[in-house]
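Make the full structure from the sequences, and use the hints.
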Amino acid sequence: MLKIENLHATVADKPILKGLSLAINAGEIHAIMGPNGAGKSTLSYVLGGRPGYEVTDGSATFDGQDLLDMDPHERAAAGLFLGFQYPVEIPGVSNVQFLRESLNAQRKARGEEPLSGGDFLKLAREKAGLLKLDMDMLKRPVNVGFSGGEKKRNEMVQMGILDPKLAILDETDSGLDIDALRVVGDGINSIMRRPDKAVLLITHYQRLLDYVQPDFVHVLAAGRIVKSGGPELALELEREGYAEIAA
Amino acid sequence: MSVSALPSRRDEAWRYSDIDAVTAAWPLPAPESIVVPAGGDFKRAIVQDAGDIRQIELVLGKGATASLHILNIGGAYGRIELAVTLHEGADFHLGAAQIGGGEQNLEIITTVTHAEPGATSRQMIRSVLGGTATGTYLGKVAVARDAQQTDSEQDVKAMLLDRSATANAKPELEIFADDVKCAHGCAIGELDAMSLYYLQSRGLPPAEAKKILLQAFVAGVFDGAEDEAQLQELALAKLGELV
Chain A
2 MLKIENLHAT
12 VADKPILKGL
22 SLAINAGEIH
32 AIMGPNGAGK
42 STLSYVLGGR
52 PGYEVTDGSA
62 TFDGQDLLDM
72 DPHERAAAGL
82 FLGFQYPVEI
92 PGVSNVQFLR
102 ESLNAQRKAR
112 GEEPLSGGDF
122 LKLAREKAGL
132 LKLDMDMLKR
142 PVNVGFSGGE
152 KKRNEMVQMG
162 ILDPKLAILD
172 ETDSGLDIDA
182 LRVVGDGINS
192 IMRRPDKAVL
202 LITHYQRLLD
212 YVQPDFVHVL
222 AAGRIVKSGG
232 PELALELERE
242 GYAEIAA
Chain B
11 MSVSALPSRR
21 DEAWRYSDID
31 AVTAAWPLPA
41 PESIVVPAGG
51 DFKRAIVQDA
61 GDIRQIELVL
71 GKGATASLHI
81 LNIGGAYGRI
91 ELAVTLHEGA
101 DFHLGAAQIG
111 GGEQNLEIIT
121 TVTHAEPGAT
131 SRQMIRSVLG
141 GTATGTYLGK
151 VAVARDAQQT
161 DSEQDVKAML
171 LDRSATANAK
181 PELEIFADDV
191 KCAHGCAIGE
201 LDAMSLYYLQ
211 SRGLPPAEAK
221 KILLQAFVAG
231 VFDGAEDEAQ
241 LQELALAKLG
251 ELV
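From first to last, the protein sequence lines stand for chains A and B.
Sequential numbering from 2 applies to the first sequence in our numbering.
Sequential numbering from 11 applies to the second sequence in our numbering.
Just so you know, the hints here were simulated from the structure itself, not pulled from any lab data.
Among the hints, a few may not be true.
[As the list claims (entries may be wrong)] Pairs of lysine-lysine, BS3-like flavour, derived with a Cα cap of 27 Å:
{"id": "1", "chain 1": "A", "residue 1": "Lys-109", "chain 2": "B", "residue 2": "Lys-221"}
{"id": "2", "chain 1": "B", "residue 1": "Lys-180", "chain 2": "A", "residue 2": "Lys-123"}
{"id": "3", "chain 1": "A", "residue 1": "Lys-140", "chain 2": "B", "residue 2": "Lys-221"}
{"id": "4", "chain 1": "B", "residue 1": "Lys-221", "chain 2": "A", "residue 2": "Lys-152"}
[Said to hold, decoys possible] A short list of chain B residues far from chain A (calculated; beta carbon distances all over 10 Å):
{"id": "5", "residue": "Arg-64"}
{"id": "6", "residue": "Glu-67"}
{"id": "7", "residue": "Met-134"}
{"id": "8", "residue": "Asp-161"}
{"id": "9", "residue": "Cys-196"}
{"id": "10", "residue": "Ala-203"}
[Stated by the list, open to error] Output of the computed footprint for chain B on chain A, the stretches with three or more beta carbons under 8 Å from beta carbons of chain B:
{"id": "11", "stretch": "41-52"}
{"id": "12", "stretch": "147-154"}
{"id": "13", "stretch": "176-184"}
{"id": "14", "stretch": "235-246"}
The model shown is predicted, which means the values in this text are computed figures rather than measured ones.
The C-beta atom is built at its ideal place from N, Cα and C for all residues, glycine as well.
This is how it looks when you write it as structure tokens:
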């Protein structure tokens with residue numbers, strides 16, 4: 002589904018990714034762990050097409066298409082979802098309005114009929130219920146006045162509504178208390194754990210992986226994947242630290 | 011407000027104007043005069059979409075209220091000039107948006123005189139400017155010597171869509187009383203890159219993402235307008251032309 006080969010990327014002319022390769026197939030959940038500054042967020046932004054993140058070498062394809070050649074909204078319509086580490090507050094724009102327009106823009110790009118207001122609200126209510134987010138919060142301006150945990154749950158509600166093929170979740174577990182972590186973990190499983198979908202979890206800690214069990218764990222250090230393994234690698238990292246493993 | 015001689019850029023109130031357009035329209039007709047009697051209530055929505063110069067003199071009697079909503083969007087040069095006089099305890103509200111692209115020059119010029127005690131005025135102005143357009147708000151609040159407990163506010167923001175667009179904003183206070191509250195705030199900026207990216211990452215094409223942010227930026231000014239839905243719709247259509 003996603004194939005990254007020898008990816009090099011710079012931010013403000015500073016090289017961050019230095020030859021990263023990774024392949025993710027449908028039905029798989031991958032976790033990327035790594036120390037601060039390893040390039041984890043840069044990877045997610047490069048894949049999400051954020052302006053200012055420049056690819057200098059290598060390739061990334063998504064379902065055979067050149068991902069790096071697509072605009073952010075085209076990547077979304079193709080089925081890619083980026084869960085932000087710091088979801089953005091947008092005063093004056095209601096969650097439901099923005100999500101309905103986003104979903105319908107995606108559907109239009111795929112040649113599908115737009116979803117009616119009623120059908121959309123039904124869908125939104127279902128996903129908000131799944132993430133235990135009050136429906137009233139979805140009617141409020143995007144993330145404004147939300148707690149850290151509510152912002153992350155809102156990201157997952159958006160993921161549920163947009164129903165992507167591939168979700169890249171950048172530190173979705175940061176800022177969550179224990180109960181919220183379980184809710185978010187259950188949400189990820191119920192939305193994304195399907196034979197035709199895949200997830201790339203970016204995280205510092207093992208704890209999210211207790212709820213969302215990965216098939217593969219990769220260690221990212223200094224812009225490259227330095228070690229890959231099964232779920233046991235995450236436990237090993239937690240026990241021994243990055244310095245030992247990434248050395 | 012009536013000016014007998016043709017204005018020039020030396021006149022503060024005409025500093026940023028399209029003097030050629032003013033010359034072509036000279037002499038201007040007499041300003042429209044509106045008097046709201048004591049205790050009265052006045053509401054008006056003004057859509058300037060034809061490149062007019064409009065001058066309005068508004069007098070609010072004791073305890074009267076007036077609420078004006080302005081959408082200034084049309085023509086090469088569009089100017090709306092308000093001279094408002096508030097008597098004791100009167101309340102004036104202005105919500106205005108000016109949205110211009112291309113080479114448009116749009117202006118809102120206000121003089122709000124608190125002539126007597128206890129009057130309130132609230133002005134909220136939002137400008138969205140693209141291309142080489144110019145948007146100007148010059149707002150003077152004058153508080154007379156006896157006009158204690160005056161409470162006035164000017165909230166002025168402009169959004170530039172291109173580096174070639176210009177926003178002028180000048181809140182001006184002339185206060186002769188000593189027990190007053192006159193707040194004024196002004197900000198000129200551009201669309202937040204991270205917000206734009208966030209919206210696009212969910213599937214909105216760039217123009218739609220910009221439009222939704224700009225719609226939010228101007229939305230508040232029409233709160234409480236009688237034709238609020240229509241004003242929003244006209245504003246949105248104009249924003250759609252700019253993005």
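Hint check results:
no.: 1; hint: Lys-109/A - Lys-221/B; in the structure: holds (18 Å)
no.: 2; hint: Lys-180/B - Lys-123/A; in the structure: violated (48 Å)
no.: 3; hint: Lys-140/A - Lys-221/B; in the structure: holds (19 Å)
no.: 4; hint: Lys-221/B - Lys-152/A; in the structure: holds (23 Å)
no.: 5; hint: Arg-64; in the structure: holds (29 Å)
no.: 6; hint: Glu-67; in the structure: holds (34 Å)
no.: 7; hint: Met-134; in the structure: holds (13 Å)
no.: 8; hint: Asp-161; in the structure: holds (25 Å)
no.: 9; hint: Cys-196; in the structure: holds (18 Å)
no.: 10; hint: Ala-203; in the structure: violated (7 Å)
no.: 11; hint: 41-52; in the structure: holds (count 4)
no.: 12; hint: 147-154; in the structure: violated (count 0)
no.: 13; hint: 176-184; in the structure: violated (count 0)
no.: 14; hint: 235-246; in the structure: violated (count 0)
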